[in-house]
Amino acid sequence: MANLGEQLLNALTLAGLLFLVSAGLSLVFGILRVVNFAHGVFYMLGAYLGYTTVVLTGWFWPALVIVPPVVGVLGALLESSTLRFIYRRPPIYQLLLTFGLALILEEAVRILYGPTAKGIDPPAYLQGAFALGNLLYPRYRLFVIGLGLVVAMAVWLFLRKTRAGLVIRAVAQNSEMADCLGANVARVRTLVFGAACALAGLGGVAAAPMTTAYLGMGIGVIVDAFVVVVIGGLGSIGGSIAGSLIVGAAQTWGAFYLPETAMVIMYAVMGAILIFRPWGLFGEEE
Amino acid sequence: MRGTRGLAAVALVALAVVPWLAARHQLSLLTDLLIYGLFALSLDLIMGYTGMVSFGHAAYFGLGAYASALVLIHFAQPVPVALLAGALLAGVVALPVGWFSTRATGIYFAMLTLAFAQLLYTVAYKWRELTGGSDGIAGVPKTTLFWGGPSLATPQAFYALVAACVVLSLVLCRAVVRSPFGHALEAIRENERRFMSLGRDPRPFKLVVFVIAAVFAGLAGALFAPFRGFASPEVMFWVFSGQGLMMVIMGGIGTLVGPILGAMVFILIQEVLSSYTEHWMIFTGVVFVLMVIFLPDGLVGTARRLWARG
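Each protein sequence line maps, in turn, to chains A and B. Residues in the first sequence are numbered from 1 upward in steps of one, following our numbering. Residues in the second sequence are numbered from 1001 upward in steps of one, following our numbering.
Treat the hints as calculated values from the structure; they're not laboratory data. Treat the hints with care, since some could be wrong.
What the hints assert, rightly or not - Selected chain B positions facing chain A (Cβ under 7 Å, derived; list incomplete):
1. M1111
2. G1136
3. I1249
Remember, predicted model here, so these are calculated numbers, not experimental data. The beta carbon of each residue, even a glycine, is placed where N, CA and C say it ideally should be.
Just chain A, same shape as in the assembly (with noise of 0.2 Å):
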């Protein structure tokens, strides 16, 4: 039972960290019509960010609160000063602009950072393990599920229940519309690419008391979060939220009966699911 329960945890925290990464990914998607192949060097930079902040502030929390606006902004700027001139071509062109632009961040962070992996520690009472039962469990990646839910939570009461939220919704349905209407859909655009990217460098501050910031962790989990969003169809935040869970649950349970096929799994999750739902579990057929 321990076991199952264990199982069970490390599918959510895998969960938490997929949502934080692929929410974003959907919600571009969603907004831009844009595939934004650099979503996972966000993610990344986030890791390596939030490395700095520690090593300079000998704290952790300052990380998970400066670094995520930080690489907002860099997303941001990135938007307005290449993506923004291209909406109007076909899909390829966005897709290999922000590939060119994974390979420029990657080499610099390579640049910046060297090729050795940058460890992080967990804050102090988030060290050692927590007793559920008779279960102990990691604390900090207990952490990082409660982050996982409540990020996913503040996404939907955000999208649902605000006025801008409204908005973004409704430039996502037809953006011509919603210009006609009165709305900046150049600005929603950057601010929702922004907050994209800001998600995707929170998912890499957390992550990296877990797996240290290494070169290549942004297209790891980018190619995680394609399937997650696949499964759940692009641009829904409950289709990540349902993906995020299965591909923790298939990477999970996976990796821990069939060690060596743990990948295969997850394929084969997503293969039977797209032969029911070609456009994913949320999603809408184009």
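Assemble chain B onto chain A, guided by the hints.
Below, chain B alone, put in the same frame as chain A:
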């Protein structure tokens, strides 16, 4: 039209004359460029002519490379047998992947191809007994052209084989895109809904062209392994798929010749930059971003447009 034929003749003569003029390392570089050119050419079939952006095309190049390496090392067959094995394996694997991926369109297709390619990459990485894991397979020999036939171990001989394969592939791909099948592909690219409203199912067309493209990518990989003497997981990695897309965009999407040229320019830029700095990737990225924004038609596409304008 006459202009293109003239250019083609010049290019053929240049390809044939090069072995007598070029120094050893130049010839080796040109062989390399042609192999990448073939890879980019195959990607243009699905990307430029059918409008399907695959982010996992490196997988088929890699499958071709591994199959060719294994055949040459374990069975000591002539190189063409290895080429056949590489092209065949790529095509066979592309069949189920294509069947799945072509169920989705646009971005979903791109993501599915990426996901499957990363899966194949992981298999190549983990299956140590067969693939040598992260070390890959080294010591792949350049055997002969046929049983007891001429050796391919000289740079000139292998160059001739690669050049012949690339020219033949270009001719075949041209025939494909100019056939009624090719016109159907272009119709799908232009407007898939209209194609369907004519009562035709686009999926078999997409699946077939996906497999054809994989076969040519497999051929490129199968040439790569004996040429470089190794096959390693890097040639299956997503970065290489992305570089393939860059080559196509640089040369000109939907032009067949363009991607070959684009591959050459792309690799040459890398060669030059990497001799100045180990961080050449950042400059490649910048060049690429600028190309996407300012030269979306690529070199050949832009040249054609300027030519047509006069």
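Status of the hints after comparison with the structure:
Checking B:M1111 against chain A: minimum C-beta separation of about 4 Å stays under 7 Å; hint holds. Taking 7 Å as the C-beta cut-off, the interface hint given for B:G1136 is violated, the closest approach to chain A being about 18 Å. For B:I1249, the interface hint holds, since its Cβ comes within 7 Å of a Cβ in chain A; the closest pair sits about 6 Å apart.
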